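**Student:** If you're matching them up, the sequences are chains C and Z in order.
Position 230 of the first sequence, counting from 1, maps to 258 under my numbering, and the rest follow consecutively.
Position 4 of the second sequence, counting from 1, maps to 32 under my numbering, and the rest follow consecutively.
For the record, the hints were derived by calculation from the structure and aren't laboratory data.
Misleading hints may appear alongside valid ones.
Straight-line alpha carbon distances no greater than 25 Å define the calculated SDA-like cross-link-like pairs of lysine to any residue that follow [stated by the list, open to error]:
#: 1; chain 1: C; residue 1: K269; chain 2: Z; residue 2: K269
#: 2; chain 1: C; residue 1: K269; chain 2: Z; residue 2: A54
#: 3; chain 1: Z; residue 1: K269; chain 2: C; residue 2: A95
#: 4; chain 1: Z; residue 1: K269; chain 2: C; residue 2: Y187
#: 5; chain 1: C; residue 1: K269; chain 2: Z; residue 2: Y187
#: 6; chain 1: C; residue 1: K269; chain 2: C; residue 2: T34
#: 7; chain 1: C; residue 1: K269; chain 2: Z; residue 2: P232
#: 8; chain 1: C; residue 1: K269; chain 2: C; residue 2: N114
#: 9; chain 1: C; residue 1: K269; chain 2: Z; residue 2: A99
Owing to the predicted nature of the structure, the values given are computational and were not obtained by experimental measurement.
Number of protein chains: 2
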Amino acid sequence: METEYTTGPISLSAALCDAQGCLSMAALETRLIVAATRHADNIGVGYRDLMARGHAWVLSRMSVEMAVMPAILDTFSIVTWIESFNRHLSYRNFAVLDASGHPIGHARSLWTCIDIASRRPASLSPVDLCSARECPIAPMPRLTTISAPESVIPVVFTYSDIDFNRHVNSARYVEHIANAFPLDWHDHNRVSRLDIAYIREARPGDVAQLRLSRADGEVIIANITAPDGSDYCRASLTVVKREK
Amino acid sequence: METEYTTGPISLSAALCDAQGCLSMAALETRLIVAATRHADNIGVGYRDLMARGHAWVLSRMSVEMAVMPAILDTFSIVTWIESFNRHLSYRNFAVLDASGHPIGHARSLWTCIDIASRRPASLSPVDLCSARECPIAPMPRLTTISAPESVIPVVFTYSDIDFNRHVNSARYVEHIANAFPLDWHDHNRVSRLDIAYIREARPGDVAQLRLSRADGEVIIANITAPDGSDYCRASLTVVKREK
């Protein structure tokens, strides 16, 4: 069993690109999750292994920092490895490599093992397969709720937002946040770092609020919040000017 | 240059499945489009080749018929080939194969070559690479507009609906149609055949109506319609009871 898993080279089809002709942050997050799932499958803590005990991995936090996003017909690959773990959770890191194997970005993530019926943390007998590979981006921050949002946008979760875990898919929250900004904004700006914490599960038909605020510099804080005021997720977006 | 293109075996990661633990019709359509794009790249009429002349392929119609949908950790592959073509358009078919190479579904599609600036049909010098491989599903039907819808649902297109062609992505219309039916409906029903015609390009921020009607038997007709009454797309969904 390998301490690292590397995807094959991925050639980014035009059909998988966003309006700027690049991989979107949401689509990248999905690819990171798929790579994590494949590694978990390979080392005996995958979907089938956990499902047999009524357990599942749930993504709790993720931080992604990209120097450049893959664009149409670029080739890239993803390396993933476990940094540390205990009986309930696992810290997993990622590197995104360009066609020549040079890192163009990194990610950190925190996964929790839950009991599917109770939705409470479950215990698993983890495999000690940590890698000492370095992840040269800042740790995942603690994200707090916005007390006085600058803008509030309604969000309705739909059937297509839901995944096999019967809750809103992690990447779909990222899409709902991206939707708060018009096409012209995306043409001129790029999210170079996304920090997101998944706090509470949303269900189809749930009506929520996207609350936005500005932090220091070019950082946007976004919460997706339930009617009772609790947050489904909290995110921080570091924004850079998009190169032409 | 090959008259057929076959994807590698695709193992369906849990993270890519819908609420029923299967590939969704929208996600399948995206994979068919990606396979078509790869084949076009390989035979010299791909994204880069057309972009160099200011042209692009636009999906005009698609019909997909699936005996069974791939589920979590199932392995499948896609074969695609050109049935016929002329200077402006191309009829392209698909077979979806299970892990043992047995067909579990087929699709037909019609692609139009457009001039990106004018959005009008363009001419290309096609390569004669048709295959005589059989596509054993009914031809793509002519879909007409609904005159008296049984229900009307508002649809708002967002940034995440837009692709590199700067219009609403083909598969996103399919998602908006799927969203009209609640989770419980999807738990008990499956779309075994989708026919869809893309008529007019929608842009982000466009506000539309999803109009639904019932045809003979278990067939649902769906139009996504602009405020002026013209249709962005028209679809027909053949519904079967989902096996447990």
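**Student:** State for each hint whether it applies.
**Tutor:** Evaluation of the provided hints:
1. C:K269 / Z:K269: violated (50 Å)
2. C:K269 / Z:A54: Measuring from Cα to Cα gives roughly 32 Å; hence the hint is violated.
3. Z:K269 / C:A95: violated (48 Å)
4. Z:K269 / C:Y187: holds (18 Å)
5. C:K269 / Z:Y187: Roughly 18 Å separates the two Cα atoms, so the pair holds.
6. C:K269 / C:T34: Answer violated: K269 (chain C) to T34 (chain C) is near 31 Å, above 25 Å.
7. C:K269 / Z:P232: holds (21 Å)
8. C:K269 / C:N114: violated (40 Å)
9. C:K269 / Z:A99: violated (41 Å)
Taken one by one, the earlier hints fail for this structure at numbers 1, 2, 3, 6, 8 and 9, listed in ascending order.
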